[in-house]
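4 protein chains.
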Amino acid sequence: MEVTICDPQFFGLICAANPSINKSTMNITLDQAETAIKAAKEKAKQLNTLMNIAIVDSGTNLVAFAHMDEAWIGSIDISQKKARTARYFNMPTGEIGKLSQPGGPLYNIEHSNGGLISFPGGVLIKNSKGEIIGAIGVSGSTVENDHAVAQAGADAVK
Amino acid sequence: MEVTICDPQFFGLICAANPSINKSTMNITLDQAETAIKAAKEKAKQLNTLMNIAIVDSGTNLVAFAHMDEAWIGSIDISQKKARTARYFNMPTGEIGKLSQPGGPLYNIEHSNGGLISFPGGVLIKNSKGEIIGAIGVSGSTVENDHAVAQAGADAVK
Amino acid sequence: MEVTICDPQFFGLICAANPSINKSTMNITLDQAETAIKAAKEKAKQLNTLMNIAIVDSGTNLVAFAHMDEAWIGSIDISQKKARTARYFNMPTGEIGKLSQPGGPLYNIEHSNGGLISFPGGVLIKNSKGEIIGAIGVSGSTVENDHAVAQAGADAVK
Amino acid sequence: MEVTICDPQFFGLICAANPSINKSTMNITLDQAETAIKAAKEKAKQLNTLMNIAIVDSGTNLVAFAHMDEAWIGSIDISQKKARTARYFNMPTGEIGKLSQPGGPLYNIEHSNGGLISFPGGVLIKNSKGEIIGAIGVSGSTVENDHAVAQAGADAVK
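Protein chains in written order, with this note's numbering: chain Z, 1 to 158; chain A, 1 to 158; chain Y, 1 to 158; chain L, 1 to 158.
It is worth saying that the hints were derived from the structure and are not from the lab.
All values reported here derive from a predicted model rather than from experimental measurement.
Backbone N, C-alpha and C define an ideal beta-carbon position, used for all residues, glycine too.
Don't take every hint at face value.
[As the list claims (entries may be wrong)] Cross-link-like lysine-lysine pairs, in silico, DSSO-like; alpha carbons within 27 angstroms at most:
{"hint": "1", "chain 1": "A", "residue 1": "K98", "chain 2": "A", "residue 2": "K126"}
{"hint": "2", "chain 1": "L", "residue 1": "K38", "chain 2": "Z", "residue 2": "K45"}
{"hint": "3", "chain 1": "Z", "residue 1": "K126", "chain 2": "L", "residue 2": "K158"}
{"hint": "4", "chain 1": "Z", "residue 1": "K98", "chain 2": "A", "residue 2": "K98"}
{"hint": "5", "chain 1": "A", "residue 1": "K41", "chain 2": "A", "residue 2": "K158"}
{"hint": "6", "chain 1": "A", "residue 1": "K38", "chain 2": "A", "residue 2": "K158"}
[Claimed, not checked] Here are the in silico distance ranges between beta carbons for each label pair:
{"hint": "7", "chain 1": "Z", "residue 1": "K45", "chain 2": "L", "residue 2": "N48", "range": "33 to 39 angstroms"}
{"hint": "8", "chain 1": "L", "residue 1": "G114", "chain 2": "Z", "residue 2": "D31", "range": "27 to 33 angstroms"}
{"hint": "9", "chain 1": "L", "residue 1": "S128", "chain 2": "Y", "residue 2": "P102", "range": "56 to 62 angstroms"}
{"hint": "10", "chain 1": "Z", "residue 1": "K45", "chain 2": "Y", "residue 2": "N108", "range": "48 to 54 angstroms"}
{"hint": "11", "chain 1": "A", "residue 1": "N127", "chain 2": "Y", "residue 2": "K129", "range": "41 to 47 angstroms"}
{"hint": "12", "chain 1": "Y", "residue 1": "T60", "chain 2": "A", "residue 2": "P102", "range": "34 to 40 angstroms"}
{"hint": "13", "chain 1": "Y", "residue 1": "H111", "chain 2": "A", "residue 2": "D69", "range": "29 to 35 angstroms"}
{"hint": "14", "chain 1": "Y", "residue 1": "N48", "chain 2": "Z", "residue 2": "S112", "range": "46 to 52 angstroms"}
{"hint": "15", "chain 1": "Y", "residue 1": "K129", "chain 2": "A", "residue 2": "D69", "range": "16 to 22 angstroms"}
{"hint": "16", "chain 1": "Z", "residue 1": "N113", "chain 2": "L", "residue 2": "E42", "range": "33 to 39 angstroms"}
{"hint": "17", "chain 1": "Y", "residue 1": "K45", "chain 2": "L", "residue 2": "T142", "range": "40 to 46 angstroms"}
{"hint": "18", "chain 1": "Y", "residue 1": "K129", "chain 2": "L", "residue 2": "V143", "range": "48 to 54 angstroms"}
{"hint": "19", "chain 1": "L", "residue 1": "E144", "chain 2": "Z", "residue 2": "D155", "range": "38 to 44 angstroms"}
[As the list claims (entries may be wrong)] Far from chain A, by Cβ distances over 10 angstroms, these chain Y residues were calculated:
{"hint": "20", "residue": "N27"}
{"hint": "21", "residue": "A39"}
{"hint": "22", "residue": "L47"}
{"hint": "23", "residue": "N48"}
{"hint": "24", "residue": "D57"}
{"hint": "25", "residue": "A66"}
{"hint": "26", "residue": "M68"}
{"hint": "27", "residue": "Y107"}
{"hint": "28", "residue": "K126"}
{"hint": "29", "residue": "K129"}
{"hint": "30", "residue": "E144"}
{"hint": "31", "residue": "Q151"}
{"hint": "32", "residue": "A156"}
Please model the entire structure based on the sequences and the hints provided.
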């Protein structure tokens with residue numbers, strides 16, 4: 001069994017026990033990032049949505065970005081924060097949000113790192129070996145649509 | 001029937017189905033902004049309140065501002081953030097707040113864009129063609145009063 | 001003789017010896033601020049310029065603001081920083097700039113207070129008793145024009 | 001003769017005499033932005049450089065971005081600041097730098113707007129009617145190369 005994300009139920013334990021799952025010495029290339037953006041835009045159009053799409057590398061630095069015409073201006077920043085949040089903790093952003101609720105173990109973690117976004121729409125990008133090479137963040141519609149578009153973008157990178 | 005904002009009940013769905021409702025290539029003029037501020041101040045006096053009133057253009061840049069004597073100093077920033085928040089997502093600020101509660105789909109979205117304000121008092125401003133040309137944010141009293149004053153300001157612009 | 005600003009030649013000495021010249025328990029009213037903006041806009045039109053005009057109170061809080069149509073977007077922030085800089089040190093912004101040059105006594109003071117603007121265009125506003133009640137910052141043209149428009153705004157307040 | 005930017009030699013004078021040159025009610029589309037990035041990347045390769053390329057709309061919001069593989073990470077931010085700086089003042093970034101030197105009229109203007117970049121590499125983007133629709137910022141090599149790549153990107157948009 002390959003553990004690909006830190007199970008929120010065992011958050012910290014599994015991650016701590018398997019530091020190798022955080023390994024990422026490879027960075028996404030611009031070609032790969034543009035492939036992800038192209039696939040994400042296609043999915044966005046298929047869902048009849050207007051999205052902002054951001055790709056960061058394994059160091060959380062911005063690699064590529066696209067703001068679809070008339071997409072929400074406020075989502076320019078959110079899409080980038082989603083991509084960074086996914087890579088900061090090596091899990092989909094929605095998993096963080098489950099843990100950051102009032103009474104939860106990571107309550108208000110959003111205050112860190114210049115502001116996290118912890119609802120769905122941020123997804124890791126891996127290469128064909130399963131190594132983390134970056135992340136994609138999508139914002140502009142429902143969180144379900146945001147996540148679906150982000151996943152489509154991530155899946156397009158091999 | 002013309003849908004002018006994204007109904008929170010169907011958040012994303014209506015927006016997705018009507019991408020044209022996000023269209024905004026025009027900017028509010030200073031004359032229009034000052035008309036909005038004048039109307040907002042009159043409404044504020046009528047409600048016996050002391051308000052801060054901010055107007056931003058469709059790019060969220062500040063166009064005009066007024067701080068009524070002895071109004072809350074902390075609301076200078078809030079009124080500007082409300083105006084920006086309304087334009088960032090093309091809906092009244094209070095609609096965002098309904099979605100950003102604990103357990104809600106946009107929990108802690110307020111951490112984005114240098115800080116959002118997601119309670120009522122921010123309203124879009126449209127021209128006679130229904131195009132978004134900017135937004136108004138009002139802060140200084142109850143959120144009900146803040147919203148009423150913002151709406152009065154927005155309604156004064158044709 | 002009434003010392004109205006801290007002579008840069010004796011910067012610190014006169015200010016230190018006459019703390020009373022910094023006294024300002026009075027705040028500009030919105031009416032006064034709007035009078036200053038109206039006069040500044042008239043002067044700006046007379047000079048055929050497009051200005052951003054900001055008024056702060058004696059606590060450096062924003063009281064009123066106007067962005068003339070198509071004026072530089074980058075000057076929205078600069079006009080506010082000029083107004084604050086003038087009040088921070090109770091002198092026209094250009095005086096700070098003389099002291100903040102390489103080798104000068106206040107070299108790179110612009111790094112303080114979230115960013116100062118130390119070239120002309122920021123001027124104190126006083127009431128009829130000579131008490132500081134706020135400041136005006138203007139940005140959008142040459143520094144000479146910026147200063148002239150700011151002075152016209154300040155002079156309109158009695 | 002149509003004056004398209006504010007000649008630094010007559011800084012303010014020409015701008016004041018031609019307020020219409022600042023007009024910009026249109027925003028660049030994503031298609032146009034991607035055309036600019038493609039042309040900029042080609043020019044960058046031709047010059048044997050590794051660039052970061054950012055496109056903002058007329059409201060200075062990010063529309064598209066590309067980080068060429070192994071380009072300077074520090075230039076991710078600089079390219080975006082160059083694009084914003086060009087639009088903030090409607091002139092190439094290098095013109096600002098001529099005026100912001102020690103002893104110059106705009107000394108330390110870089111402290112405004114969350115940080116400006118005032119050396120070459122930021123250029124306005126206009127449509128076929130000469131209207132400002134956004135700006136491009138490029139960073140990763142010498143300022144001469146940065147400017148050449150930015151210009152190539154801007155020229156590709158009709």
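Tested hints:
no.	hint	result
1	K98(A) <-> K126(A)	holds (23 angstroms)
2	K38(L) <-> K45(Z)	holds (22 angstroms)
3	K126(Z) <-> K158(L)	violated (38 angstroms)
4	K98(Z) <-> K98(A)	holds (18 angstroms)
5	K41(A) <-> K158(A)	holds (18 angstroms)
6	K38(A) <-> K158(A)	holds (14 angstroms)
7	K45(Z) <-> N48(L): 33 to 39 angstroms	holds (36 angstroms)
8	G114(L) <-> D31(Z): 27 to 33 angstroms	holds (31 angstroms)
9	S128(L) <-> P102(Y): 56 to 62 angstroms	violated (45 angstroms)
10	K45(Z) <-> N108(Y): 48 to 54 angstroms	holds (50 angstroms)
11	N127(A) <-> K129(Y): 41 to 47 angstroms	holds (45 angstroms)
12	T60(Y) <-> P102(A): 34 to 40 angstroms	holds (36 angstroms)
13	H111(Y) <-> D69(A): 29 to 35 angstroms	holds (33 angstroms)
14	N48(Y) <-> S112(Z): 46 to 52 angstroms	holds (50 angstroms)
15	K129(Y) <-> D69(A): 16 to 22 angstroms	holds (19 angstroms)
16	N113(Z) <-> E42(L): 33 to 39 angstroms	holds (35 angstroms)
17	K45(Y) <-> T142(L): 40 to 46 angstroms	holds (43 angstroms)
18	K129(Y) <-> V143(L): 48 to 54 angstroms	holds (52 angstroms)
19	E144(L) <-> D155(Z): 38 to 44 angstroms	holds (41 angstroms)
20	N27	violated (8 angstroms)
21	A39	holds (15 angstroms)
22	L47	holds (17 angstroms)
23	N48	holds (16 angstroms)
24	D57	violated (8 angstroms)
25	A66	violated (5 angstroms)
26	M68	violated (6 angstroms)
27	Y107	holds (30 angstroms)
28	K126	holds (18 angstroms)
29	K129	holds (19 angstroms)
30	E144	holds (23 angstroms)
31	Q151	holds (21 angstroms)
32	A156	holds (17 angstroms)
Going down the numbered hints, you'll see the structure goes against 3, 9, 20, 24, 25, 26, while the others check out.
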